[in-house]
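Join the two chains, each given in its own frame, into one complex according to the hints.
Residue numbers (numbering that gives the first Met the number 0), protein chains in the order written: chain X, 0 to 369; chain H, 0 to 491.
None of these hints come from the bench; they were simulated from the model. Glycine included, every Cβ here is placed at the ideal spot set by N, Cα and C. Careful: at least some of the hints might be erroneous.
Chain X stretches covered by chain H per the calculated footprint, using a threshold of three residues with CB under 8 Å from any CB of chain H [stated by the list, open to error]:
#1 52-66
#2 133-143
#3 254-263
#4 312-325
Listed below are the residues making up each chain.
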Amino acid sequence: MYNINQVNNPHHDDKLIEACSLFGMMDTTGRRFSGRDIVRAIANMHVRGNGLGGGFAVYGLYPEYDDAYAFHVMYLSQEGRVNTEAFLKQKFYLLHAEDVPTQPIPAIVNPPSVWRYFLEADSQKCDGQSPDDYVVDRVMEINASIKDAFVFSSGKNMAVFKGVGYPEDIASYFCLTQYEGYLWVAHGRFPTNTPGWWGGAHPFNILDWTVVHNGEISSYGINQRRLEEFGYPCTMHTDTEVIAYAVDLLMRKHHLPVEIMAKVLAPPFWSNIERRPPDEQNLLRTLRQVYGSLMLNGPFTTVIAHHGEMIGFTDRIRLRPLTVGVKGSMLYLSSEEAAIRLICPDLDRAWIPMGGEPIVGRLGRSNIQC
Amino acid sequence: MVDRDPERCIECQVCVNQCSFDVHYYDAEDDEVRSHEENCVGCHRCAVFCPTQALTIRRNPLDYRENYNWRPEAIEDVIKQAETGGVLLTGMGNDKGYRIYWDHLVLNASQVTNPSIDPLREPMELTTWLGRKPDRVELAPDSIDLKTELSPQVKLEIPVMFSAMSYGAVSLNVHESLARAATEAGTLWNTGEGGLHPRLYQYGANTIVQVASGRFGVHPEYLNIARAVEIKIGQGAKPGIGGHLPGEKVSREVSLTRMIPQGTDALSPAPHHDIYSIEDLAQLIYALKEATNYQKPILVKIAAVHNSAAIASGMVRAGADIIVLDGLRGSTGAAPKIIRDNVGIPIELALASVDSRLRQEGIRNQASVVIAGGIRTSGDVTKAIALGADAVYIATSALIALGCHVCQQCHTGKCAWGICTTDPALTKRVNPEIGARRLTNLLHSWSLEIKDMLGGMGINAVESLRGNRLHLRAVGLTDTELEILGVKMAGS
Numbered sequence: 000m001y002n003i004n005q006v007n008n009p010h011h012d013d014k015l016i017e018a019c020s021l022f023g024m025m026d027t028t029g030r031r032f033s034g035r036d037i038v039r040a041i042a043n044m045h046v047r048g049n050g051l052g053g054g055f056a057v058y059g060l061y062p063e064y065d066d067a068y069a070f071h072v073m074y075l076s077q078e079g080r081v082n083t084e085a086f087l088k089q090k091f092y093l094l095h096a097e098d099v100p101t102q103p104i105p106a107i108v109n110p111p112s113v114w115r116y117f118l119e120a121d122s123q124k125c126d127g128q129s130p131d132d133y134v135v136d137r138v139m140e141i142n143a144s145i146k147d148a149f150v151f152s153s154g155k156n157m158a159v160f161k162g163v164g165y166p167e168d169i170a171s172y173f174c175l176t177q178y179e180g181y182l183w184v185a186h187g188r189f190p191t192n193t194p195g196w197w198g199g200a201h202p203f204n205i206l207d208w209t210v211v212h213n214g215e216i217s218s219y220g221i222n223q224r225r226l227e228e229f230g231y232p233c234t235m236h237t238d239t240e241v242i243a244y245a246v247d248l249l250m251r252k253h254h255l256p257v258e259i260m261a262k263v264l265a266p267p268f269w270s271n272i273e274r275r276p277p278d279e280q281n282l283l284r285t286l287r288q289v290y291g292s293l294m295l296n297g298p299f300t301t302v303i304a305h306h307g308e309m310i311g312f313t314d315r316i317r318l319r320p321l322t323v324g325v326k327g328s329m330l331y332l333s334s335e336e337a338a339i340r341l342i343c344p345d346l347d348r349a350w351i352p353m354g355g356e357p358i359v360g361r362l363g364r365s366n367i368q369c
Numbered sequence: 000m001v002d003r004d005p006e007r008c009i010e011c012q013v014c015v016n017q018c019s020f021d022v023h024y025y026d027a028e029d030d031e032v033r034s035h036e037e038n039c040v041g042c043h044r045c046a047v048f049c050p051t052q053a054l055t056i057r058r059n060p061l062d063y064r065e066n067y068n069w070r071p072e073a074i075e076d077v078i079k080q081a082e083t084g085g086v087l088l089t090g091m092g093n094d095k096g097y098r099i100y101w102d103h104l105v106l107n108a109s110q111v112t113n114p115s116i117d118p119l120r121e122p123m124e125l126t127t128w129l130g131r132k133p134d135r136v137e138l139a140p141d142s143i144d145l146k147t148e149l150s151p152q153v154k155l156e157i158p159v160m161f162s163a164m165s166y167g168a169v170s171l172n173v174h175e176s177l178a179r180a181a182t183e184a185g186t187l188w189n190t191g192e193g194g195l196h197p198r199l200y201q202y203g204a205n206t207i208v209q210v211a212s213g214r215f216g217v218h219p220e221y222l223n224i225a226r227a228v229e230i231k232i233g234q235g236a237k238p239g240i241g242g243h244l245p246g247e248k249v250s251r252e253v254s255l256t257r258m259i260p261q262g263t264d265a266l267s268p269a270p271h272h273d274i275y276s277i278e279d280l281a282q283l284i285y286a287l288k289e290a291t292n293y294q295k296p297i298l299v300k301i302a303a304v305h306n307s308a309a310i311a312s313g314m315v316r317a318g319a320d321i322i323v324l325d326g327l328r329g330s331t332g333a334a335p336k337i338i339r340d341n342v343g344i345p346i347e348l349a350l351a352s353v354d355s356r357l358r359q360e361g362i363r364n365q366a367s368v369v370i371a372g373g374i375r376t377s378g379d380v381t382k383a384i385a386l387g388a389d390a391v392y393i394a395t396s397a398l399i400a401l402g403c404h405v406c407q408q409c410h411t412g413k414c415a416w417g418i419c420t421t422d423p424a425l426t427k428r429v430n431p432e433i434g435a436r437r438l439t440n441l442l443h444s445w446s447l448e449i450k451d452m453l454g455g456m457g458i459n460a461v462e463s464l465r466g467n468r469l470h471l472r473a474v475g476l477t478d479t480e481l482e483i484l485g486v487k488m489a490g491s
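Next up, chain H with everything else stripped away, as it sits in the complex (with noise of 0.2 Å):
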């Protein structure tokens, strides 16, 4: 709901000017700036913007009589379908009240039989290398000359990536702004599945390339290009299902780094259709090592479901150097309601059974394992490290950080914020120089966070950290729950 203060506006029609979502009009009769309150979706963009902050954006309190079952989403959504006949379609994470694991764990610090450490005075590291390890070194016989050879591996300087976000389903002006932030904080970056815009491709170095089921914009410059290769077989905002692009949404542009006609739907299938078992999987990992010389790590992404465990293991055995997990309240540009707000299972008990199944057979030293869905802050990421993660993704809070307001509009290609679009006039609103700064600043603060809870707890590089679930107590959790994260009750 538009709350206009009369007394303050003064009909500068910014308001008009910046909302996608056509709430605001100038009724030039009355000399009048008014609001259509039924399409407002609550980005804030008019608020942020108003000079004189005449504006207020409020919840509708005109409500449904009270019925915890038929609850107002409920009954719109049967009104939506009876209307349209359709799929009900949506953005962002899952937003339903799924229990968050991140907020029933707490962290631990030193108090007096070990000295916390104090990342001002002390070297404090949170350098981190992804790719498949071998479990010893071998020297040579009555030498210190080494004979082990570590396949590739990839240096971040703080564990937290940006996750994938195709071009096409976010502007170019967003994937500028990931990838110069990523080069300049020493991590990387991911292209999702539409493709590298040619003018990109300076940022290769710090750039995960994806190689998703409709195959859109992949060739041999774009894999040899990247840093690293990842397959994507499953996203967290929607397991099971492929993706799907709008025809409005394919532009020139997009259309030549999708390497689609303008104007199509970019359909991305459910499975990759030369990926129906594991072995299948295993061949696509060696092709696209083929194709990259053995010079890039390859990583598989898989949605967090049921049997996330068995599944990782498998991937391991197949060669994958990276595991990737997408939780539950993994995000997305466009995805059918009902699979983003009822399917997959939440990232940290995905989390934790897979890196407790790889550790029980051995294998965990073999692949590196990196988490989405929903991270939020420097202490979920600090949690996702000790619960057994090498590194994590963030998608929706870089995207905070150029501006979104977690409005859940990503599917209209309206985004007020010019992120979640490829309107020329929306997207010039982020600007990547600015974007930039403001990703790189993000992650400045989150590692200057993670280092003071690292010395808190008396270590000083984060591989000390990676698994130590003695580290981590749970509040308000059952015992089973306490089982699968393997973490115990605070206070024993």
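The shape of chain X in the complex, shown without the other chains (with noise of 0.2 Å):
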């Protein structure tokens, strides 16, 4: 008999359906800012989450170790770390190994030990492959295959937090507000069952990528079986999991700017695909015929991460909320507006973006792309 709160998926469902705030923030000069506004933020979402998951990503967080991929690995058992630790020290280079600081406080029950690793892997260690698609398959190799030990996050100076527990709970647990970072994402999340495995929180990540989304994604079914004709077996049954699949093909794999990929996952409809210019319409209507498999479908907002840039959008109909705010060279991304303007009363612009339509925040860039 498994322990029902030690894995993900117990009832194996086809997929887990849950719903959830969603938060992000980011200095577009690359400015370094604490957790404290975003875990006030995504508190006064509360009431979106039922305190079954809470999370966060942080981007700027080790510049100490900026070439080094981080890794924060979870541990159900002492067992799990000793045999990941011999793992990463033979895949890898490994400069620095610690547990991650925490706060015991009574809302977070039951903990698993978090440990963090800054490692290195040359051309030796990567037989060949680039250093990025080795670490994927590491971490891919870790969670398949190693006993009570889950990769939270894999990139480059920068790290998830996350566990069972509102998102203002795993911040206190983590002592987020000592951290410091140029881009913040947050979530807090509703699922349906799952009593709670620390795995199945947001953000879900996978190199430096992070996504967070909120919905159920009635395209799941064949959005996965397409992703694992591209060599991504969907293991975790979640949403957030195609999502990240589906980023790192279209962004890392195929190099398509973070613009298309949104056309791709959320694309326009063909009678208005008829009505752009022939080039336009053109290249949309190809994305569609070539990537329809992987269309999320269905109602949901996400926001995607990575170092340099944030994205967030809706499905084409727009059935899950996403509100933009704009001050100076700060953009905010959330669920609420009210949330936003919580902690920045005089936003310069907020807005309802239209369905599927990407808003990006780029470092370097001031203005706002929408």
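What follows is the structure, encoded as structure tokens:
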């Protein structure tokens, strides 16, 4: 008999169903700021979650190790840690390892231990693969084959902190107000089942890509099958996993720019495509023809981030909320406008983007693209 | 059995004139209409046309002694063969009780956690593009200029096309009805293997022309006028054998279109005599692509048989842009009964295994998959798409829209509804104007229904359902069937 709290998808559902709050904020000048504001903002949307998952992603977090892969790994047993550390030492050059500091609080029950490692991989270790591909494969290997271990995040100069609890409790537990980054993403989760496995909380991460997501993707079955054709086994049964892999495929492997990636995941209607100028029409039509199986259908809002870039968009008919706020060089993306106003009452602009319309914040570009 | 209510019968003789099987006759001496009931095929033409509703057609209760093994059909077939010494012919599709998997599959709908989408209030897209697609789109470096150029794609407004029915098997009026309806509904119809009458060239943009083993009516203009070209390897109703159009049906017009002498039997060989292997298929595919200047997608149609998955994979690798699977219940104008009733596999299983295999091999995007054979409703269409089909072909449903009552007498050439015949007295019973309207209506109803089902699942574009088997659940199937279909049991 397994412990229902220690496995993902204990009931073998097609996929895990959940809803949530999400919040992203970024200083496009690259200035680093603490987690104080984002914790207040996500806590303001407390009722959008049910205490079964909260998490944060922080970019620009470890400038002292900015060229090392920062692995945050969760352990359910001592054995898991011993095996994982042996694996990491064998596959990488280990620069530094430490227990992630935590502050026990009553709301967080039975936490797993979380460790962080700063790792390097050179061409000798990677054996012909690019370092990024090598890291992806090793992360998959740990998650799939080392018992009681799960990699929260594996990017450079960034990390994910997440667990079972309300996001503000997770923030207190991991002492997030003590960290600084130029881009923060937060998530509060409302799963309909799974009492809560820490690995199942958002953000979902691979390399420096993180995804948070609110919604239920009705196209999940075909998205998953299509991604499996490209060598992404979807083992976690979450929509978020599918989004993360699709983004990785389209941007990292197929080299599509972020705006084009958004047009694949939330494409315009055929009737809209037909109204565009011929070149654009041809591009949009070809994207839908080739990537039709990757279209995300059903209600969702997602915020996707990697170094230097944060993008938010909803499904094609905006069945889940997204509000954008801009103040100077700050870009805010939120499920609710109130959460933005709480931490930045005097916004320059606030608006609700059209369904499928990507909002992109990019480092070094002061005007927010939309 | 024909019941004629003498109270109602006014001896108008409509039934006598309408029946092409010589059931009704007028006895002038008695001033009474009577029946040769043994000739009745149950096509209902008389009952539908009787102005006073005096006719009721019923199953003849005269039965053999009950025997589960020796049922009437088996007994009668033996008697017929003892009399004739020949192969028994039949029409339509397999009418035996093989499991119909569509009836064991149910669809999903959204409740609470995601909203269903109302097609009356929100856009709902059925647009489908058939043709070979690459795995990725390439842009010119640091720009959004498209570098990828797709091979020819065919746009369908609804993922339902009219399946191959040849001119000669069916009448020109049927062809014209199909061609006009396809044009109006934004889909395609298929000429079948008997060529295309010049009067219908105007509908070329919505026409799939077929190249079968007999090569009837194939010439450069025929190929180039079409939207797509289909190589017919096999047919679900008669896997492994060719076609036979009896000389009586080869009228002057049919002979011109087929390019064979009038009154001669049109025999298409069982195999293509230039395709004895998969590399030969590749040669024919590329010969047709050359002949059409790479402007038309090439479909390759096979009957669903045991090794369909491996064969389909070979077809994709041989260059087919669209593969067509025609299942056990696929229909025919004429086929040996023994073949129709015993050869081939159900389309649902063939579709599931082909779609899965192409995905395992990472080549599913390289070809579209179209299925045919026994699609009755928009529910079947929707389930087929969820199992992995890009589109479906319908033929029997289309003929029913034109009047067919599925009496299975297609092979006799005496179709009382004027569909599967070339007898001018009968073919005029189908009016292409009305026929096209009825077919368009059918497609329109199905598209409304498919949109309702899609919206219910929380999906607003058909490509998000294609191959999305999580929206299917099975009722009453074995573990092996579930595994092949890639579908979970309802409740799990």
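Results of checking the hints against the structure:
no.: 1; hint: 52-66; verdict: violated (count 0)
no.: 2; hint: 133-143; verdict: violated (count 0)
no.: 3; hint: 254-263; verdict: holds (count 5)
no.: 4; hint: 312-325; verdict: holds (count 3)
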